[in-house]
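A.B. asks: Could you build the full structure based on these sequences and the hints that come with them?
Chain order of the listed sequences is A and B.
Numbering-wise, my numbering puts 96 at position 96 of the first sequence, and it's gapless, one number per residue.
Numbering-wise, my numbering puts 62 at position 62 of the second sequence, and it's gapless, one number per residue.
One should not assume that every hint holds.
Stated by the list, open to error - Mimicking BS3-like on lysine-lysine, the simulated pairs with C-alpha atoms at most 25 Å apart in a straight line are:
1) 238/A / 49/B
2) 27/A / 67/B
3) 238/A / 12/B
4) 4/B / 49/B
5) 253/A / 67/B
6) 49/B / 255/A
7) 49/B / 211/A
8) 253/A / 146/A
Please keep in mind that the hints were generated in silico from the structure rather than gathered at the bench.
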Amino acid sequence: MDLSQDEIRRYSRHLILPEVGLAGQKKLRATSVLCIGAGGLGSPIAMYLAAAGIGRLGLVDFDLVDLSNLQRQVLHGTADVGRPKTDSARETIQQINPHVEIVVHQTRLTSQNALALLRPYDIIADGTDNFPTRYLTNDACVLLSKPNVYGSIFRFEGQASLFAPHLGAPCYRCLYPEPPPPGMVPSCAEGGVLGVLPGLIGLVQATEIIKLALGAGTPLLNRLLLFNALDMRFREVKLRRDPECPVCGEQPKIKELLDYEMFCGVEPHPTPAGMHSDEVTVQEMKRAIDNPVLGIKVIDVREPNEYDIARIDGVSLIPLSTLAERCGDLDPDQSYYIHCKSGGRSMTALNFLRQRGFKHLKSVKGGITAWSDEIDPSVPRY
Amino acid sequence: MQVKVSFYSFFKELAGCASLQETIAEGSTLDGLLDQVVERFPKLAGMRKSALIAVGLEYQPPGYVLKEGDEVSLFPPVQGG
Numbered sequence: 001m002d003l004s005q006d007e008i009r010r011y012s013r014h015l016i017l018p019e020v021g022l023a024g025q026k027k028l029r030a031t032s033v034l035c036i037g038a039g040g041l042g043s044p045i046a047m048y049l050a051a052a053g054i055g056r057l058g059l060v061d062f063d064l065v066d067l068s069n070l071q072r073q074v075l076h077g078t079a080d081v082g083r084p085k086t087d088s089a090r091e092t093i094q095q096i097n098p099h100v101e102i103v104v105h106q107t108r109l110t111s112q113n114a115l116a117l118l119r120p121y122d123i124i125a126d127g128t129d130n131f132p133t134r135y136l137t138n139d140a141c142v143l144l145s146k147p148n149v150y151g152s153i154f155r156f157e158g159q160a161s162l163f164a165p166h167l168g169a170p171c172y173r174c175l176y177p178e179p180p181p182p183g184m185v186p187s188c189a190e191g192g193v194l195g196v197l198p199g200l201i202g203l204v205q206a207t208e209i210i211k212l213a214l215g216a217g218t219p220l221l222n223r224l225l226l227f228n229a230l231d232m233r234f235r236e237v238k239l240r241r242d243p244e245c246p247v248c249g250e251q252p253k254i255k256e257l258l259d260y261e262m263f264c265g266v267e268p269h270p271t272p273a274g275m276h277s278d279e280v281t282v283q284e285m286k287r288a289i290d291n292p293v294l295g296i297k298v299i300d301v302r303e304p305n306e307y308d309i310a311r312i313d314g315v316s317l318i319p320l321s322t323l324a325e326r327c328g329d330l331d332p333d334q335s336y337y338i339h340c341k342s343g344g345r346s347m348t349a350l351n352f353l354r355q356r357g358f359k360h361l362k363s364v365k366g367g368i369t370a371w372s373d374e375i376d377p378s379v380p381r382y
Numbered sequence: 001m002q003v004k005v006s007f008y009s010f011f012k013e014l015a016g017c018a019s020l021q022e023t024i025a026e027g028s029t030l031d032g033l034l035d036q037v038v039e040r041f042p043k044l045a046g047m048r049k050s051a052l053i054a055v056g057l058e059y060q061p062p063g064y065v066l067k068e069g070d071e072v073s074l075f076p077p078v079q080g081g
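C.D. replies: Spelled out as structure tokens, the structure:
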């Protein structure tokens with residue numbers, strides 16, 4: 001389809017570039033991009049791609065706008081604080097260019113939804129802010145043979161590359177086969193980030209996306225671009241594919257998406273306020289019950305009369321009153337999640353077992369009452 | 001022989017310096033050099049398998065045999081977005 005009069009005026013500075021021209025502008029309009037994260041990197045990526053006339057722009061973000069985001073996340077404004085990021089992003093993008101089709105997904109990217117979310121798009125932009133989602137994005141892109149336009153930032157430094165094993169380039173895992181031990185790498189929330197830095201790195205990503213769509217120039221394949229804002233210096237490291245890469249190597253071991261929080265050794269969701277470090281949520285307990293491969297056993301320390309009123313399948317009953325006699329049957333090296341009615345006795349049981357040398361213990365916050373509220377309402381509350 | 005080791009991003013804080021000259025035996029590999037570096041800066045030990053290592057301007061695998069005057073760069077993964 002030809003460009004309208006309005007589009008011709010809007011994109012005139014592109015159209016007079018021989019490398020873009022009418023044909024290139026139509027290619028941009030025929031291209032779909034999914035941006036994972038509508039934060040620091042996602043803002044410049046989405047805004048400039050919209051302005052450039054990308055055809056369809058998807059955005060995945062579950063989060064709400066926080067005042068502390070505004071220093072760098074220019075998709076969102078002061079009046080948006082507390083609103084879903086996808087809502088304010090949609091309005092900003094519509095304002096920039098009504099010709100762009102915007103698809104927002106106000107959800108967390110997970111192993112369950114990733115393939116379905118990514119599949120309809122030509123190019124994926126990684127604007128996430130944590131390791132589990134970065135590995136998830138990478139693996140989903142490799143499995144779907146989609147280019148993964150990568151960027152990440154910390155304090156004054158950033159990196160960007162174009163990961164695409166199907167085009168002969170490495171993937172994220174070729175560079176970083178193992179995630180760092182949990183807690184070793186500070187996040188931007190912990191370590192800070194210069195507000196303009198995601199602007200710079202995000203626009204490197206947006207540039208690569210536009211070049212890919214146009215088929216113009218030399219893509220950032222097989223190269224990692226490293227930027228230091230304090231030195232105002234760009235460096236480049238030449239990369240190569242790892243033939244033993246577990247996801248894109250010659251004999252890939254990863255053929256479907258994994259549990260990436262487990263892989264990275266981090267808590268499945270941001271710890272809710274007021275959680276003790278010895279506690280887990282009922283969602284984590286469900287994960288342990290549903291996935292015996294995780295090797296976590298769940299025990300219920302309520303009394304038998306309570307067990308008769310309400311119980312959860314897949315859980316063994318060891319009443320607190322009998323724990324001293326029965327703890328000899330338990331393995332101190334085994335991982336246990338302990339639940340009771342609302343989280344008090346399970347913590348007592350945890351401390352009791354810990355004193356006896358048990359190493360891997362968690363108490364389920366809120367107990368079976370929280371389970372009834374949040375997981376399975378058919379379990380009676382009493 | 002001597003090689004130069006440079007630290008990037010928060011590796012600078014973990015090592016307490018931006019770079020150093022390290023003396024290694026002839027025929028040492030990148031992996032062997034890392035053993036020495038980690039011994040000197042134990043705080044880097046946990047990141048050993050999660051760092052991107054370049055010699056000069058090229059990524060190299062752990063078995064790479066170092067040459068006199070090589071410049072080795074250690075880049076941590078960063079997660080921010």
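A.B. asks: Which numbered hints does this structure break?
C.D. replies: 2, 5, 7
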